[in-house]
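Q: Going from the sequence shown to my numbering is simple: count from 1 and add 6.
Hints listed in this document are in silico derivations from the structure and should not be mistaken for laboratory results.
It cannot be assumed that every hint is accurate.
[To be verified] Beta-carbon label-pair distances, calculated as ranges: (1) V133 x P112: 17 to 23 Å; (2) A92 x R124: 36 to 42 Å; (3) W32 x A93: 17 to 23 Å.
Positions of the beta carbon are idealized from the N, C-alpha and C atoms, including for glycine.
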Amino acid sequence: MTCSAARMRLRLLSAAPAMVLGGLRWHAGGAAAALLLWLGISALLPCREKYPYPRKRRMRPHRLFFCFSLTAFFTGGAAWAVRRLAAPGFLIDLLFYVGAAGVALPMGNRALSLPLPRPIAWGLGAVLCAFFVVLLIYT
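Construct all of the structure, not just a fragment, from the sequences and the given hints.
A: Here's what the structure looks like:
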């Protein structure tokens with residue numbers, strides 16, 4: 007990955023429209039897929055950095071995976087709660103996904119800068135993805 011963590015945090019926060027549109031069409035799974043697609047494309051695009059890419063400043067895949075799984079988990083949890091508590095409708099879904107993106111993306115932004123060791127980040131990310139899949143099944 008060629009982007010630094012600071013640049014990836016900026017690109018993560020710009021994923022909100024993609025998450026809202028994916029969520030309106032395909033619910034929480036669509037929002038997570040749109041976020042994954044946005045982060046994948048952002049990670050592959052070259053960044054124009056001022057300095058050469060030192061090894062310690064590159065974006066690490068385990069942090070990106072943990073960020074994605076945390077964001078998807080919060081979006082899926084909110085989708086599960088809204089489906090259980092609110093009446094279905096386009097306006098309710100729109101407000102929900104705008105709110106979910108507004109809460110989950112800053113939390114994912116913070117997760118990118120957490121100094122978690124690699125095995126813990128991969129393990130927590132896998133557990134959060136498993137919980138997200140369970141929430142998708144029961145939504």
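Q: It remains to establish, for every hint, whether it holds in the given structure.
A: Hint check:
{"no.": "1", "hint": "V133 x P112: 17 to 23 Å", "verdict": "holds, 21 Å"}
{"no.": "2", "hint": "A92 x R124: 36 to 42 Å", "verdict": "holds, 39 Å"}
{"no.": "3", "hint": "W32 x A93: 17 to 23 Å", "verdict": "holds, 20 Å"}
Checked against the numbered hints given earlier, this structure breaks none of them.
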